[in-house]
Amino acid sequence: MTKFCRNRCASEALRLTLVFSALSLLALTGCNKTAEQPFDNTLYRSIGAEPESLDIHTARSTQSSVVLRDLGEGLTGYSASGVVVAAGAESWQVSANGLEYRFQLRTAARWSNGEPVIAEHYVYSMRRMVNPDTAAAYAEFVNEIKNARAILSGDLPPQSLGIEAASDFELVITLERPVPYFLSLLTHNSTFPIYPPSVEAHGAEYARPGNMISNGAYTLDDWKIGSAISINRNPYYWNNVSTSIDRVLHLVTPEPTAEANRFRAGELDITDTVPTESFAQLREEYPEQLRVAPFLNVYYYGLNLTKPPLRGNPELRRALSMAIDREVIVDKVMGRGELPAYSWVPPGVDNYQAMQFSYANQPHEERVATARRLYEEAGYSTSKPLEIEIRYNTSDVHQRVALAVQAMWREALGFEAKLINEDFQVLLANILAREVTQVFRSAWNGEYNDASAFLSVMESGNASNLPGYNSEEFDSLMTRAADQMNPRHRRLFLEEAERELLSDHPVIPIYFYVSKHLVSSRVQGWQDNPLDYHYSQHLSLIPRQAN
Amino acid sequence: MLRFALLRILSAIPTLLFVILTAFLLVHAAPGGPFDAERVLPPEIEANIERTYHLDEPLPQQFVRYVRGLLHGDMGPSYRYRSYTVAEIIAGAYPVSFLLGALSLLLALALGMFLGLAAAIRRNTMLDRVLSAVAISGISLPVFVIAPVLVLFFAVHLHWLPASFASTSPGTRFVLPVLALALPQVAYIARLFRGSMIEVLESDFIRSATAQGLRTRAILFHHAIRPAVLPLLSYLGPAVATVLTGSVVVEQIFGIPGLGQHFVSGALNRDYTLVLGLVIFYAVLIITLNLIVDLLYGYLDPRIRYR
Chain A
1080 MTKFCRNRCA
1090 SEALRLTLVF
1100 SALSLLALTG
1110 CNKTAEQPFD
1120 NTLYRSIGAE
1130 PESLDIHTAR
1140 STQSSVVLRD
1150 LGEGLTGYSA
1160 SGVVVAAGAE
1170 SWQVSANGLE
1180 YRFQLRTAAR
1190 WSNGEPVIAE
1200 HYVYSMRRMV
1210 NPDTAAAYAE
1220 FVNEIKNARA
1230 ILSGDLPPQS
1240 LGIEAASDFE
1250 LVITLERPVP
1260 YFLSLLTHNS
1270 TFPIYPPSVE
1280 AHGAEYARPG
1290 NMISNGAYTL
1300 DDWKIGSAIS
1310 INRNPYYWNN
1320 VSTSIDRVLH
1330 LVTPEPTAEA
1340 NRFRAGELDI
1350 TDTVPTESFA
1360 QLREEYPEQL
1370 RVAPFLNVYY
1380 YGLNLTKPPL
1390 RGNPELRRAL
1400 SMAIDREVIV
1410 DKVMGRGELP
1420 AYSWVPPGVD
1430 NYQAMQFSYA
1440 NQPHEERVAT
1450 ARRLYEEAGY
1460 STSKPLEIEI
1470 RYNTSDVHQR
1480 VALAVQAMWR
1490 EALGFEAKLI
1500 NEDFQVLLAN
1510 ILAREVTQVF
1520 RSAWNGEYND
1530 ASAFLSVMES
1540 GNASNLPGYN
1550 SEEFDSLMTR
1560 AADQMNPRHR
1570 RLFLEEAERE
1580 LLSDHPVIPI
1590 YFYVSKHLVS
1600 SRVQGWQDNP
1610 LDYHYSQHLS
1620 LIPRQAN
Chain B
209 MLRFALLRIL
219 SAIPTLLFVI
229 LTAFLLVHAA
239 PGGPFDAERV
249 LPPEIEANIE
259 RTYHLDEPLP
269 QQFVRYVRGL
279 LHGDMGPSYR
289 YRSYTVAEII
299 AGAYPVSFLL
309 GALSLLLALA
319 LGMFLGLAAA
329 IRRNTMLDRV
339 LSAVAISGIS
349 LPVFVIAPVL
359 VLFFAVHLHW
369 LPASFASTSP
379 GTRFVLPVLA
389 LALPQVAYIA
399 RLFRGSMIEV
409 LESDFIRSAT
419 AQGLRTRAIL
429 FHHAIRPAVL
439 PLLSYLGPAV
449 ATVLTGSVVV
459 EQIFGIPGLG
469 QHFVSGALNR
479 DYTLVLGLVI
489 FYAVLIITLN
499 LIVDLLYGYL
509 DPRIRYR
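Residue numbers (this note's numbering), protein chains in the order written: chain A, 1080 to 1626; chain B, 209 to 515.
Heads up, a few of these hints could be off.
[As the list claims (entries may be wrong)] Just a few of them, taken from the derived set where beta-carbon distance is under 8 Å, the chain A residues facing chain B:
1. T1137
2. R1139
3. A1286
4. T1332
5. P1333
6. P1335
7. E1346
8. L1361
9. E1364
10. D1502
11. N1509
12. S1521
FYI, nobody ran anything at the bench for these hints, they're computed from the structure. The C-beta atom is built at its ideal place from N, Cα and C for all residues, glycine as well.
Kindly produce the complete structure, drawing on both the sequences and the hints.
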């Protein structure tokens, strides 16, 4: 190739580069947003991961519930501050023995097609929920409704469920035993009414855009898997006059850092979470917008009680728990306002005083000394160290906590725990098989504001009792609590049950989560609450300012 | 050529069956199931779900049922998104991935070939060295670094472009994802094309053409580009399949409803049918694209004859 050719080609190449750059720049600057934009009455809120279903009965994730709380409404609901209030029902009476609930429905309640919501629709929905063919995820929520258990196990037909429509606007629910928090359960999306013609016409596909008829403040407009669910104001909603926001986009943003960037770019009004690694920076950038509040969710290490060395060895379990410095974990490892956990039930639960480990208020040095003594009494020492594994699902946060716990056990007790990270489904399969797991990471989220939302998990028959805790004493206290009509007596039994649980150490609670959101200054009406429920109908928007 | 194409298509059938069987065994071998969650389902409910989805049957029976469904064009329901079928999910996601992939590939090809050409012509000069350095950095920088940097710069600081695909400005929402997807490809293509161009420009027939006094433009565009493009073509076959089926990282960062994320989330959620559906989709795409590349080879290189 001649020199002449090289020079000419190169100059052509350079010329083209310049033209290309100029065009790109033009395209980019052409996209510059103008300052004057019409008021956008759309709320852009992130739900984190993708919801798996909007079928009120088969939906299981918290993400689904966030969207469903906007789309539907049960007999009761939550206020912006997290208090149970009347919703689909206007009023109700409870019989003296606590077994019969009589609800008067709102005559103004309408489906999104304008038809009235009647008692039969609640009956239809509840029967569908306990029908074994539906395989509803939360069917256990209504276990205490008359005959529910027998229907679920296929012994009775769904029609025998203890729920009936006394008239179009009066509904009667009969329980098998009193459930003091029953009104809280009725806020859950699985107890919402369902529009029968829609289910009959579309089956499981009733919960898709175009098919779904809803009774909440919003109606389903579109669902793009992996991107967003858009919902529009339901003009027939009985309280539509109080709904301020016209449209809500529930955006799927599984990546917390990308989510924070979208908030910074003004494309999100509410984030689902706040990334751990940039928490401090975001707190500085957005001191007013960062909302951190106590949340009914506990991060714990479960202990496999069906295999040695943890089986039948409560003192060793106690030593392991005592050697963990939870203050260091929440301050240095997490640093997002989490609270050290010395109980199983988080603080902030209604009508309940969470119990604590007896060593909760001891100085750490004293705890370590006791832990060392218990460890040695259990037959371990530096020459014969405990061999144990901590399994956690792959994640930066879980790894950091596991590393901290490993270091604390090494320092206090002198043994080296082995860390194993696994994909979540693998970890869960291992935990449930109870063959190889010893210590495992897990968390429990209270879905209604009552101590039993946490304590019942540890009952011997509960499917989510991951450690395999089986205590007659604990079970009997829980049964006695459930049989109490007097709320004060019930509370005492529950507290006693938690004390029993803590002394057995089937789990090592490490910290209580906090809810963390970035809430744009254009969002009004946001109130922190322990369930972290925020209905879009309680919020309103003002014209956008800088975030 | 027709015979060659037909033979290739026929030989793809056992390949595809083998891929399906391997994928089927692999997804079922992974511990855990599609309905496992921290809130463990009571046994009677879990049994109901397993019965509904035939997960209680022995594996060979499940495989036969699956293949029989496939032959009828049914990829089954998604185990995770229970209101949707796998075919619906793929049909909803692939147009987005295809458009995004096609745009980024076009950009990557145009820019990559152009830079490669410029570097080849000006080889061993400062321009060549700068372009090579840029290309190496482009190849080395992973997309999960490039994408957030683009977002921070163009969306957060300059407010020129939207940070997510679900933004209110639909016209510009493709720009950053396309750039993020294209940049590593640009770098790779530039390097590949530079190498092959240098080789071609040094060959005898180009020297003869230059000696005969042909114009530079004619030499480059009529004689050099065709043979120089061949190595690029082999690279493009699988690259097109990869780019068209989406990138999980880019999709998650920009909230794009594409195919890529389903590969990862499907596997993590043990959504057996979705994973299998995607594997089949991807396999068919790769087989088709490889066939097209082979046929194009014959068109571009007269030395190749099909038997």
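Results for each hint:
The beta carbon of T1137 (chain A) comes within 6 Å of a beta carbon in chain B, closer than 8 Å, and the hint placing it at the interface holds. A cut of 8 Å between beta carbons decides the hint on R1139 (chain A): the least distance to chain B is about 6 Å, and the hint holds. Annotation: A1286 (chain A) was flagged as interfacial toward chain B, and the flag holds, the nearest CB pair being 5 Å apart, inside 8 Å. The beta carbon of T1332 (chain A) is positioned within 8 Å of a beta carbon in chain B (closest approach about 6 Å), and the interface hint is therefore held.
Taking 8 Å as the C-beta cut-off, the interface hint given for P1333 (chain A) holds, the closest approach to chain B being about 5 Å. The beta carbon of P1335 (chain A) comes no nearer than 11 Å to any beta carbon in chain B, farther than 8 Å, and the hint placing it at the interface is violated. Because the smallest distance between the Cβ of E1346 (chain A) and any Cβ of chain B comes to about 5 Å, under 8 Å, the interface hint for this residue holds. Because the beta carbon of L1361 (chain A) sits about 12 Å from the nearest beta carbon in chain B, more than 8 Å, this interface hint is broken.
Hint status for E1364 (chain A): violated, given a least beta-carbon distance of 11 Å to chain B, over 8 Å. With a cut of 8 Å, the hint placing D1502 (chain A) at the interface with chain B holds, because the nearest CB-to-CB distance is about 6 Å. Nearest Cβ of chain B to the Cβ of N1509 (chain A): about 7 Å, under the 8 Å cut. The hint holds. Below 8 Å, beta-carbon pairs count as interface contacts, and S1521 (chain A) has one with chain B at about 6 Å; its hint therefore holds.
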